[in-house]
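I would like the entire structure built from these sequences, with the hints used as guidance.
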Amino acid sequence: MGCSTDIFGTGLKGDLVVQEKKMMVQDFSFYYDSFQALKNINLDFRSNEIFTLFGPARSGKTTLLKSLNRLTDFIYGARHSGTILLDGKDIYDPKWNLTQLRRRVGIVFDLPTPLPMSIFDNVAYGPKLSGKTKTSLKNMVEKALRSAVLWEEVKDRLNTSALRLSGGQQQRLCIARVLALEPEVLLLDEPCSGLDPISTTSIEETLVQLKKEYTIILVPHNIQQASRVADRAGFFLNGELVEVGPAYQIFTGPKDRRTEDYITGRFG
Amino acid sequence: MRSNRLRYVTQSVAKILIWIAALSTIAVMILILFQILREGLPILRLSFFTQSPKSMGREGGILTPIIGTVALTVVAIIVATPLGVGTAVFLREYTRESRISRVIRFGTDCLAGVPSIIFGLFGFVFFVIYLNMGWSILSGGLTLAAMILPTIICTTEEAIKAIPYSFREVSYSLGGTKWQTVTRAILPNALPGIFTGIILSVGRSIGETAAIILTAGSSLVMPTSLFSPIRTMAVHFYILAREGISMEMAYGTGAALILLVLFVNTIANGLLNRYIRHRS
Amino acid sequence: MEIKEKLIEKILLFIALSSISILALIAFFIFGEGLPFIWKIGPHAFLLGERWVPSHGEFGILPMIVGSFWVTLGALLLGIPLGLACAIFLCEWTPPLAATFLRPAIQLLAAIPSVIYGFWGLVVLVPLVRTYLGGPGLSILSGSVILGFMILPTIISISEDALRALPPYYKAGGLALGATHWQTIWRVLIPAARSGIVASIILGMGRAIGETMAMIMILGNAVKMPSSFLDSARTLTTNIGIEMGYASGSHRQALFATGVILFFIIMILNSSAIVLSRRRVE
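Residue numbers (the numbering used here), protein chains in the order written: chain A, 771 to 1038; chain B, 15 to 294; chain C, 1333 to 1614.
FYI, nobody ran anything at the bench for these hints, they're computed from the structure. Owing to the predicted nature of the structure, the values given are computational and were not obtained by experimental measurement. Possibly wrong hints are sitting among the right ones.
[What the hints assert, rightly or not] Which bits of chain C does chain B cover? Going by a derived footprint, with three or more residues having C-beta under 8 Å, they are:
1) 1371 to 1384
2) 1390 to 1402
3) 1459 to 1470
4) 1490 to 1502
5) 1542 to 1548
6) 1580 to 1594
We put the CB at the ideal spot given by N, CA and C, even for glycine.
Have a look at this one:
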């Protein structure tokens, strides 16, 4: 990937390897009643990259993530200004089909959230909603489980309850569940927060695999994870986007004092 | 020092009084069951359940009243369940705290406190006379449905409330619409709670008398359709006892009634406990 | 898809509205039958008339109002202390063994049909009262005692909820100040749970006023102003329950008019209980 300091740039610069701008956040602010959670964010996410949003707790990362597929719609008293574009189209346009948006932009939550049903039914939940037939379901489930590197572990017990899986397996199941929708963008909100190091490693490996096909936006659960997997990163503080850039640059030589304080503070 | 001792004396006296209260509550419950079952259980032979009452209930069994109880309960549950579950789903998933949800909640809370004799008057003038259904299974069943509706709404709401928010978030995030989320992620998981509400309502239907006597009548003739009048076990028991037709038969019917209510209640509690344990 | 979702939402709204429209229908039909009658003979003659002789066209329900009042008062005199004591027992002392007996006992008390209560009162309590206290036995006293036990589950469960909803530091604070457990309960917890407890009492009162079948069997149903607790009496509910079976014409209207008064009282009680418990939640 090319190195560009002009991440807000509008055009192409020099010999930059051009990646498609999959989602663009423009002048986006978000409020919970009177509390402003996001302050005028401008940011773009490119296809086939892993972008990490990092920063201290309550800095607005999750809010931005959930705004990207409008899960924030259900929060009472919430409002926003500015726009978010998916392939150049405003996702807050009232004409958007919300369910279509959520299929194209899938999300994995911080804690594993298997529904109390079988492994198969969990993965098939999304495809079933759009009325897929039984035979195609089987293939979809297998493909999704393979992509999430879970297939080998569960292929013999697809009909057992998903609640019986270990935490790491449950989280990969949740990833598979999203992948079964064949989304274009994958949002992950601290997907490894409750997991042991081995599960974390396997999920991170999975993510790097998935990068080939998806746009991945990740809220990492710590900076080490961010530096391990990210292509680009953005640092959030109190609802502000402080700094954006290629991951190696942000994590080794941040330009902003606050970013540096946070990173070095974290490392000791 | 003295006042200190006084405080502990007061506490001991209070403790003793509270113990007495708790024990006497248990004692009364046992006395009621004991009295009815002691006199009634010997009457409960198989033929008591398989024969219809003869000569006003002086002889024979309680087959027709059993059928009456079952018929009315079934009608009530069939009518009230979709209404109650629908209302609860609307309140929990389709509205936030708004004027309309407050009005609906106030209405159901009030409905829960309306005495059964008022339901009886209403059922009589509305179903029996105004809608010309006469004293019938249908009139009685619909009146009962109105009575148990608040219970079903309330238990369904509680069951839906107990479902973690994440289930909804997951379903929506996977592209589910609201209705798909309700039918596939919420209701299946609320089912045990809803079922408990239904069982509790069955218990209430079995014991109800005042509303039924005014809407379903007290006929001992075997019903042939939904428009036939009917007598339930509770009504039969009441008539036997109050008109002094047969104390023996009254005790038998009362014992059968109590056993039925105990049975239904045990199921409801068992379900409820399993449900709570399952949840936590 | 969108249209289907909208349609479903409308259907659910319709269902929810029809659920509460039942309450409106009840009010409409009972008022429709009863109000014109009250209007015709005059609220004064109806509410304060002491004679109820339908065959002579005399419809005064004062004896029933007084009867309902005394029976309910008696039930509360028994039910409140007993209910509060049981609620305290369940959430403050809770000796495990006793609680395992008390809780199912209360659930059973709630589940036993009112005709069974009435019957038990008739065959056990009424003879006792007649033998030891005199009078007909079928009396306000017998009715009050039975009713007191019938409203116990209501009072216990709602006061228990109110007590359990208190934050634990109330109790810790009371004990830390050197109060005995009982003082903490009496001076801190009960006052703090006041509105919930009052709501439970009001609901219990509503249940007592509304009870019909058990009262028909125990009260004796005489239409006269009761002069003592050992007198037989008739309540608003039993008046309807006894005579509805054969009433017609203005007699039936008079019974519906009795229902109007009953409905009115119940609505006032219910609304105040609801307002009280709302306040507790907020």
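Find the hints from earlier in the document that the structure breaks and name them by number, from lowest to highest. 1, 2, 3 and 4
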